[in-house]
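*Asks:* Kindly produce the complete structure, drawing on both the sequences and the hints.
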Amino acid sequence: MSKSILEIDKNATIETLAPLVEIQNLKKYYPIKKGIISHTVGHVKAVDGLDLKIYPGETLSLVGESGCGKSTTGRAIVKLDPPTEGKVIFEGQNLSEVNGSELRNLRTKMQIIFQDPYSSLNPGKRVGELLAEPLITHKLANHNDAIKKVDDILEIVGLTKHHKNRYPHEFSGGQRQRIGIARALILNPKLIVCDEPVSALDVSIQAQVLNLLKDLQAQFQLTYLFIAHGLGAVKYISDRVAVMYLGKIVELGKTEDIFKTPKHPYTKVLLNSYPIPNPHLRNRERLVIQGDVPSPANPPSGCSFHTRCPFAKAICREKTPDLVGNHHSVACHFPLT
Amino acid sequence: MFQYIVRRILIAIPVLLGVTIFNFLIIYMAPGNPVDMYINPDATEEDIQIKKEALGLNDPLYIQYFRWLGNILHGDFGISYTTYEPVLHIITERIGPTLLLMSVSLVVAYLIAIPIGIISATKQYSWTDYFTTTFSFLGVSIPPFFLGLGVMYVFAVVLQILPTGGMNTLGNEGGFLDTLFHLIMPVFVLSMGIAGSMVRYVRSSMLEVLGQDYLRTARAKGLREFVVTNKHALRNALIPIITIIGMDIPILIGGAVVTEQIFQWPGLGQLTIQSIGSRDYSVLMAINFSAAIVVLFSNLLTDIFYTVADPRIKYN
Chain U
12 MSKSILEIDK NATIETLAPL VEIQNLKKYY PIKKGIISHT VGHVKAVDGL
62 DLKIYPGETL SLVGESGCGK STTGRAIVKL DPPTEGKVIF EGQNLSEVNG
112 SELRNLRTKM QIIFQDPYSS LNPGKRVGEL LAEPLITHKL ANHNDAIKKV
162 DDILEIVGLT KHHKNRYPHE FSGGQRQRIG IARALILNPK LIVCDEPVSA
212 LDVSIQAQVL NLLKDLQAQF QLTYLFIAHG LGAVKYISDR VAVMYLGKIV
262 ELGKTEDIFK TPKHPYTKVL LNSYPIPNPH LRNRERLVIQ GDVPSPANPP
312 SGCSFHTRCP FAKAICREKT PDLVGNHHSV ACHFPLT
Chain V
7 MFQYIVRRIL IAIPVLLGVT IFNFLIIYMA PGNPVDMYIN PDATEEDIQI
57 KKEALGLNDP LYIQYFRWLG NILHGDFGIS YTTYEPVLHI ITERIGPTLL
107 LMSVSLVVAY LIAIPIGIIS ATKQYSWTDY FTTTFSFLGV SIPPFFLGLG
157 VMYVFAVVLQ ILPTGGMNTL GNEGGFLDTL FHLIMPVFVL SMGIAGSMVR
207 YVRSSMLEVL GQDYLRTARA KGLREFVVTN KHALRNALIP IITIIGMDIP
257 ILIGGAVVTE QIFQWPGLGQ LTIQSIGSRD YSVLMAINFS AAIVVLFSNL
307 LTDIFYTVAD PRIKYN
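Taken in order, these protein sequences are the chains called U and V. Counting from 12, one number per residue, gives the positions in the first sequence under the numbering used here. Counting from 7, one number per residue, gives the positions in the second sequence under the numbering used here.
Don't read these hints as lab results, they were simulated from the structure. Note that the Cβ used here is the ideal one computed from N, Cα and C, for glycine as well. Careful, some of the hints might be misleading.
Not the full set, but computed from the structure, chain U residues with beta-carbon under 10 Å of chain V [stated by the list, open to error]:
| id | residue |
| --- | --- |
| 1 | ASP127 |
| 2 | SER130 |
| 3 | SER210 |
*Replies:* Encoded structure:
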């Protein structure tokens with residue numbers, strides 16, 4: 012296990028620390044344009060009012076179905092995609108007020124590992140150039156130091172220094188993701204947003220990369236925001252889990268609490284939908300839901316899950332539940348017990 | 007790589023032979039012949055036949071072709087049927103002005119088109135984008151003879167600040183500034199056309215690359231937007247652009263027939279028109295032969311430059 016804050020002192024709750032990142036009422040709307048004069052006819056509410064704190068040293072996982080706004084949240088946090096509304100406070104600094112060179116300097120402290128290791132590396136540059144570029148740009152190393160750092164980082168992520176003269180297309184998916192990790196790591200950041208770092212990889216490689224991420228966290232005291240939809244990986248790597256549905260967080264708590272005693276019906280459904288390899292352990296009475304995720308362009312009123320929730324009552328259609336609770340919070344009018 | 011180049015050159019030989027056969031057939035089978043074109047109206051049928059016999063024009067086509075090919079292999083391009091000058095001499099005299107005009111036009115066109123195409127792509131659907139795409143559309147669609155006559159009217163006739171044609175003012179041969187003045191209008195007309203299409207190619211090629219994930223990676227590194235666009239994006243957008251440039255190289259030699267004619271530019275384009283009019287077979291064959299060589303060569307050059315632009319492309 013990584014040396015997260017949780018383990019250093021089991022009694023201390025993580026919430027007593029000062030958060031590394033604080034997200035307040037984050038919203039990201041994408042306009043829907045129509046017609047020849049391309050007027051805006053509506054918005055896709057990818058992220059719709061999200062509050063979250065990420066504490067130093069922890070791995071916080073963000074889980075949910077495809078299209079629920081996980082990746083958008085991740086990109087908004089590191090301001091690759093500026094949010095429509097809301098604040099992201101990184102080390103006490105409000106990112107919406109930071110621009111230009113100041114923002115570029117902050118990128119040394121917050122990095123992102125992208126989902127697709129095939130498309131996220133520039134095919135025209137050697138791996139060494141790709142890795143050294145951030146060091147040179149931020150004037151963190153001269154040419155010779157940069158080469159040495161590249162060699163070191165390649166060894167750290169399990170490649171060899173000879174790999175730096177090759178081009179990305181000469182590597183396998185797992186190796187390319189290691190390069191992506193090395194790229195994020197080389198600036199020695201505090202926060203790494205891992206945007207589904209293993210979902211494009213083979214299962215056998217997934218475990219390797221997850222272990223690598225864990226080891227690196229212990230070695231460099233990293234904080235991860237781990238975005239995923241594979242619950243196995245999430246259970247393995249996270250300290251806390253946040254469940255997202257249609258751009259909102261519906262449940263947030265420690266990993267074991269979420270996995271053992273889910274409070275939100277959606278979390279339960281999500282856990283149920285994860286296949287269990289051992290047939291004797293399979294729960295016969297599964298909670299299943301019908302239908303698809305409603306369109307984020309026109310989310311349902313009240314609790315956005317009420318259209319698919321088997322326990323929905325009248326109030327769920329009218330009133331949006333708040334995320335309540337101290338260590339294990341849930342946004343539901345009738346939480347499961 | 008070296009092997010690849012050698013192989014390509016070896017393949018080019020039969021291609022070149024095929025091209026000369028086609029050219030030969032087309033030129034020699036066109037109605038009329040050099041003697042008919044330049045004959046004195048008083049000449050008798052007998053005189054004409056004697057002349058034709060002397061030039062070998064009465065021999066079967068294939069014999070004429072192999073005679074031409076044999077001479078070429080000895081480096082002998084023959085003698086012009088109209089001026090009796092050696093063809094090689096005529097061509098070397100004309101190639102300089104054409105190379106000058108076309109290379110300046112190409113460079114000007116690319117210097118304008120590539121930055122504009124990049125800006126147009128990075129600011130897609132903005133007013134800048136609409137403005138530049140409209141202008142590139144105009145550049146492509148206005149025929150050079152029309153644009154040529156238009157600028158000639160404005161700058162040479164009305165404003166009287168630029169010469170109407172030629173490469174030098176008479177009696178003032180070789181002055182640099184003088185030649186520059188004569189270059190302005192034809193270069194403008196030619197580069198408008200070349201730049202017009204180039205802007206569109208650069209724009210669409212850049213747009214494709216700008217949507218790629220690795221540019222988000224580059225931004226995540228904290229690179230300036232300028233570096234992201236010009237170092238990471240442009241490099242990967244170069245492949246289609248190199249293809250277009252490769253196709254443009256042959257016009258360095260081919261010249262712009264119409265534009266040279268309008269501005270009385272003493273280049274190969276003008277020579278081509280004159281030689282077609284006088285059915286000057288040997289000159290036409292030499293022009294086509296050199297054009298074919300340049301086309302083959304620039305194709306090879308294009309393929310080599312692909313490997314420079316994209317390391318994933320390898321030949322072996």
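*Asks:* Compare the structure with the hints numbered earlier in the document and write down the numbers of the violated ones, lowest to highest.
*Replies:* Result: hint 3 breaks, nothing else.
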